[in-house]
Amino acid sequence: MMMLTAVFLLVAAVAAQENPVILASKDFLNDVIAQDKHLTMHYVIHNIGTETATNVVVDDSAGFPSTEFEVVSGSLSATFDQIAAGTNVSHAVVLKPLISGMHNFVPASVSYKNPAGEDMTTFSSFLDNNPILSTTEYNRKYSPHMADWLIFVGLCTPVLLIPFLMWHSSHSKYEALAAKAKKS
Amino acid sequence: SSVTSACKAVVSTQSTGMSSGALTAEEEILLNDFSRNVPRSTSILFHLNALFVSALPMWLFWRIQQLELDTYGIMFAIVTLVSTFLMSLAYKNVKYQLKHRIAQRRHAGVTAEVMQQVADASSDKKKVVKKEKDDRVLFKKTEVADLEATHFSIFYNNALFLFLTIILSFYVLKNFTPGANYLGSSVTSACVVAFMSTGSN
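Protein chains in written order, with the working numbering: chain A, -13 to 170; chain B, 73 to 273.
If we strip away everything but chain A, and leave its shape as in the complex, we get:
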């Protein structure tokens, strides 16, 4: 009996090794996530098993509802006919957040079929809560404001340059007169 159990477990272990094993990673390609600014999501699906996974579907629609995110380019779901063992594929989608505040970036779901035709599901890596900056916050922290600084310098110029030049013209005149009087 024990011998039979051991053989059975061995066969099961070998069978498990012979399935495709999908690991999926999900990541941002942005350093900063802000409202109304493009956000690029990148998915990499690895098959670390020994068999080819077929009909692989990556779906992240649940993580990015249309009321909160607009799809700019690409799609929130992607289908790959097969992913051979030991290979990987990647997918990217460009979104535009319509909201600001903390957002829970839930894992994407990945479904696929093993060689036996069984449906299997896994999930991508978890990105946790991340802040989406409002437009005001983003402009405050990251916009260069070159034009605004130039205008500020232009506004400061009269209050600094005019009094200085007026003082300097009188100062130079009388210093020159004093130097001339000292010489003679």
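FYI, nobody ran anything at the bench for these hints, they're computed from the structure.
Every residue gets a Cβ at the ideal spot worked out from N, C-alpha and C, and that includes glycine.
A portion of the hints provided could be inaccurate.
Partial chain A-side listing against chain B, Cβ under 7 Å, derived [stated by the list, open to error]:
1. Asp134
2. Pro149
3. Leu163
4. Ala164
Just some of the chain B residues that point at chain A, by a computed CB distance under 8 Å [what the hints assert, rightly or not]:
5. Asn121
6. Phe124
7. Val125
8. Arg135
9. Ile136
10. Val182
11. Ala184
12. Glu185
13. Val216
14. Leu219
15. Asn230
Given chain A, work out where chain B should sit, using these hints.
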């Protein structure tokens, strides 16, 4: 020095004035010269300058720190007025301190200018007595010193205020909320400028 002799002249004429009951125009001018009070035109110039320079940080905080005018309008107005008052005070104090130092420095240059004018007048055969020459030099020196002190006071205080505001708002207080940042940087800068203007040197 001219300051000491003028003060002695004022004191001696005041003692005679007390018995006669009135100050002469010359005594009035000397008294005004040594007081902190500024003429009306200079006061208006100071207030307008102070108002303009106090309003400048509003541009930074509106455009760069994204403070909305309709939400923070009252705070902008109050801080600008407080800043204007402190800057006007600073202009007056610094001008008072600089005026007499500049007058001493300008003695040689103004004397040379007045002597040149007198020499030109003498060529028209109008003789100018020594007392009149001295009076002209004193008057011109006071005028030049007043003007230079006014302009330098405005330049110096404006530069100090703007420098402190930028340092405080973009470095020291950068992690504060924008409203607190504006309040802290503008009022602190104006207070520091006003405080430094009360120094004796």
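So, going through the hints one by one against the coordinates:
no., hint, verdict
1, Asp134, "holds, 4 Å"
2, Pro149, "holds, 4 Å"
3, Leu163, "holds, 4 Å"
4, Ala164, "holds, 4 Å"
5, Asn121, "holds, 7 Å"
6, Phe124, "holds, 6 Å"
7, Val125, "holds, 5 Å"
8, Arg135, "holds, 4 Å"
9, Ile136, "holds, 5 Å"
10, Val182, "holds, 6 Å"
11, Ala184, "holds, 4 Å"
12, Glu185, "holds, 6 Å"
13, Val216, "holds, 6 Å"
14, Leu219, "holds, 6 Å"
15, Asn230, "holds, 5 Å"
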